[in-house]
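Protein chains in written order, with this note's numbering: chain A, 82 to 556; chain B, 82 to 556.
Derived from the structure by calculation, the hints contain no laboratory data.
Hints may contain errors.
Calculated lysine-lysine pairs in the DSS-like style (CA-CA distance at most 27 angstroms, straight line) [claimed, not checked]: (1) Lys154/B x Lys293/A; (2) Lys354/A x Lys334/A; (3) Lys509/A x Lys547/A; (4) Lys154/B x Lys432/A; (5) Lys154/B x Lys153/A; (6) Lys335/A x Lys350/A; (7) Lys331/A x Lys227/A; (8) Lys545/A x Lys481/A; (9) Lys432/A x Lys400/A; (10) Lys378/A x Lys467/A; (11) Lys153/B x Lys334/A; (12) Lys481/B x Lys154/A; (13) Lys335/B x Lys154/A; (14) Lys117/B x Lys227/B; (15) Lys162/B x Lys153/A; (16) Lys462/A x Lys378/A; (17) Lys331/A x Lys151/B; (18) Lys350/B x Lys432/A; (19) Lys479/B x Lys432/A; (20) Lys432/A x Lys117/B; (21) Lys154/A x Lys325/B; (22) Lys325/B x Lys378/B; (23) Lys293/A x Lys378/B; (24) Lys84/B x Lys105/B; (25) Lys481/B x Lys549/B; (26) Lys400/A x Lys84/B; (27) Lys105/A x Lys378/B; (28) Lys335/B x Lys153/A.
Simulated DEER-style distance windows between Cβ atoms [to be verified]: (29) Asp135/A x Glu362/B: 30 to 40 angstroms; (30) Ile382/A x Asp428/B: 49 to 59 angstroms; (31) Asp106/B x Val268/A: 29 to 39 angstroms.
Every residue, glycine too, gets a C-beta built ideally from N, C-alpha and C.
Below, each chain spelled out in residue letters.
2 protein chains.
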Amino acid sequence: MNKAMVIDFYELTMANGYFESGMKDQIAYFDLYYRKNPDGGGYALFAGLETIMDFIDDLSFDDEDIEFLKSKKMFSEGFLKYLRNFKFSGDIYSFKEGSIIFPNEPIVTIKAPIIEAQILETYLLQVINHQTLIATKASRIKYAAKGRTVIEMGARRAQGLTASLNGARAAYIGGIDATSNVISDQVYGVPSGGTMAHSWIQMFDSEYEAFKTYANIYPNHSTFLLDTYDTLSSGVPNAIRVIKEVLIPKGVKKYSVRIDSGDLTYLSKATRKLLDQAGLENCTITVSNSLDERIIKDLLIQGAPIDIFGVGERLITAKSDPVFGSVYKLVAIEENNEIVPKIKISDNVEKITTPHFKTVWRIMDEEGHFDADLISLDSEKLNTKKPLTIFDPINIWKQKTFDNYQLIQMHEIIYENGQRVYERPSLKEIRDFAQNQLNSLWPEVRRFDFPHQYYVDLSKALWKIKNKMIEDLRG
Amino acid sequence: MNKAMVIDFYELTMANGYFESGMKDQIAYFDLYYRKNPDGGGYALFAGLETIMDFIDDLSFDDEDIEFLKSKKMFSEGFLKYLRNFKFSGDIYSFKEGSIIFPNEPIVTIKAPIIEAQILETYLLQVINHQTLIATKASRIKYAAKGRTVIEMGARRAQGLTASLNGARAAYIGGIDATSNVISDQVYGVPSGGTMAHSWIQMFDSEYEAFKTYANIYPNHSTFLLDTYDTLSSGVPNAIRVIKEVLIPKGVKKYSVRIDSGDLTYLSKATRKLLDQAGLENCTITVSNSLDERIIKDLLIQGAPIDIFGVGERLITAKSDPVFGSVYKLVAIEENNEIVPKIKISDNVEKITTPHFKTVWRIMDEEGHFDADLISLDSEKLNTKKPLTIFDPINIWKQKTFDNYQLIQMHEIIYENGQRVYERPSLKEIRDFAQNQLNSLWPEVRRFDFPHQYYVDLSKALWKIKNKMIEDLRG
């Protein structure tokens, strides 16, 4: 299975069309961007760049692929030969993986011969849409958990193998601490773990015996699942008994129990009380059962004494808003070595593209908090020596001036003339960077309901070009 | 990448636990079933069995996997050696792929040594949850489209590679006609197709030239995308001009246009009128833009003259309800060659399992309509010679008697002693079977809002065993 074949058929008909009409080498600029934050939130967390680099580094079509495409009787011999020798030759600019991103800014910009840019489209969108969706969701869940441990355990409800494998990777970048999915540990090094299911307990004549057998095999990794028969009257007493009979005599210092059904606030409080009465104040409580950021927030508001959250289907599918809608739009071409901006008009105002080869600047206060982003022409130079005034691109009287500020250019160059020029950070580095980025957001942007709408404005030069093009086309 | 490693860590700790405690060969029965139909619908459409067979046929752990697991320092040498030589040796019973299924009936039953049954769990659930979710969604969308063509085009918004690849497969089983995703055609033979994006049109000096160039290259496969600049004042006139200047002179008889934004009812009606006025009554109209079964139903109620629906993110992620929640529960073990039923109790009544080795019977009227399903002990024999009375397992006074009826046993044996004994149908056969199954449902079960709750009852013998076990544990 060749990932290059994860491609919408129309990319190939267009590519063959460019080839046949002698346009294939025309340089085009495409922006990858999104329009709306997931879950009505205030930001998104960018993930997937490493997967994209893996893809582009290896991108080629083999004989089998060419034979298959030939059988469609839509593509010319010349084009198929071109495809057989395909190698990406363009430039790619991108936000660093783990960056906080906002609607309408170019997260990734591709400058390449049109035929190549088109061939990248589908897979780039798929990877970034998926991983950004899950990383963002994970960051929200971890935020709700207020520093408590969160474990991703959704493999069984994920939308296929890649959804579980790369979903756990993205969730880790977003802040979760571990996964139940072994392959995500093997492939990416996301820490994996897990203990027992109900079936383990059912296999024994009694819950007590099931716990005891497990404790003897895994004295340092026992988390007793309490709700197979009855959490409070059976699960908790048996767990306490086994901790005292098996674990404490072995010198084990850390114990844990898990509740997987019922009212988690009530049961965690009652369990805590029973554990404390038994002198097991250091026994942690894990809960699971269709959790997400809103349920976790509620549990903690109600004072549920929970130490660890196991989060499954609602994280791995981003259930409450399972589509991250990045698009990939032509914003310019080159003619006679000049950049010619391109626009797509729409009756839906938010679907009008912002033309031209652009870059993104992040404006921060002196402590490094993110205050606003500014999109400019790539050729514009900004510096922090003088005050900076930005304005809302729709309601232009809404202005804001920064006097003391820092400025970071968000785009890194990842590929230059088809060569990767960007050093791949480790997953741990990406995760640390993401957590720093999240900490640089104002709490007003992170809150779940009616968050502050972060400013993403256009430079005056860019704004003028865009509005002139709209007028020329529709005026 | 070895699919065997798509496994929750706890499956392996339990498996090692069974190995270490001498229980590994105890025969266990697990049921895979679900509790709630997606989208509040009346049924689900079972998909994924072929993918499961591919998995089990090849299931093994290689040296690299074993090395990785060894590094976790949780598993014994003996267990790792066992895993290195793992081969499935059990029996699997399953509904045929493409079957209509209902909550709480065992869709798949695994009889195997406990250690093996546990190792299958995660991947089985992942595959069946994903593909059944998408097949069911596709069947709803195709139903709303009332016989019109539906094309799956969600690859860019799918939750990863497998979500797009196997999602298109499942959607095809559910009834969609084609996909945009080339790899699903290459791997599974789902028909693929596609024409042009906005970027194609933007690459030319005018929309007219873009359409003309495309028509010359693909005279028999041109679908003109109308909404790059303005659908009615620009897109439609340019499409008509190119059809008349290029396609008709070439003798082409079939033309098509696509609308991808704006009010699809209004624009399709206005487009139809302009096309008809130009004498192009045989030009079909395709629409796309975040469609699902409810939007399609509304468009058709409003009389939108649409021939083809392109459906993206809301199908490939099952956006309105993106989790299919199958579970995998221990229902029996064997002791001294006797089947000993097992139960899991819960305060949530719907989470109490139905114990024992079971089978499922479908009761149909003389025309083959599905009237009810009956779950019995596997050992029970039913025949249609005498009237059959079934009763609701909760409100047992709710009874229904069938006099003239047909009976089909839904389980096929797929694996016997680890050998696959089931002939794999082709994808086309699975799709045809699924469409027959859908046609055997009463419309009352297929409607979207408040569908009839299809009866899934327990045989008297099974009901008695279950209730006795609950009483014994909680009474």
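* Which numbered hints does this structure break? -> 3, 4, 5, 7, 10, 12, 15, 16, 19, 20, 22, 23, 27, 29, 30
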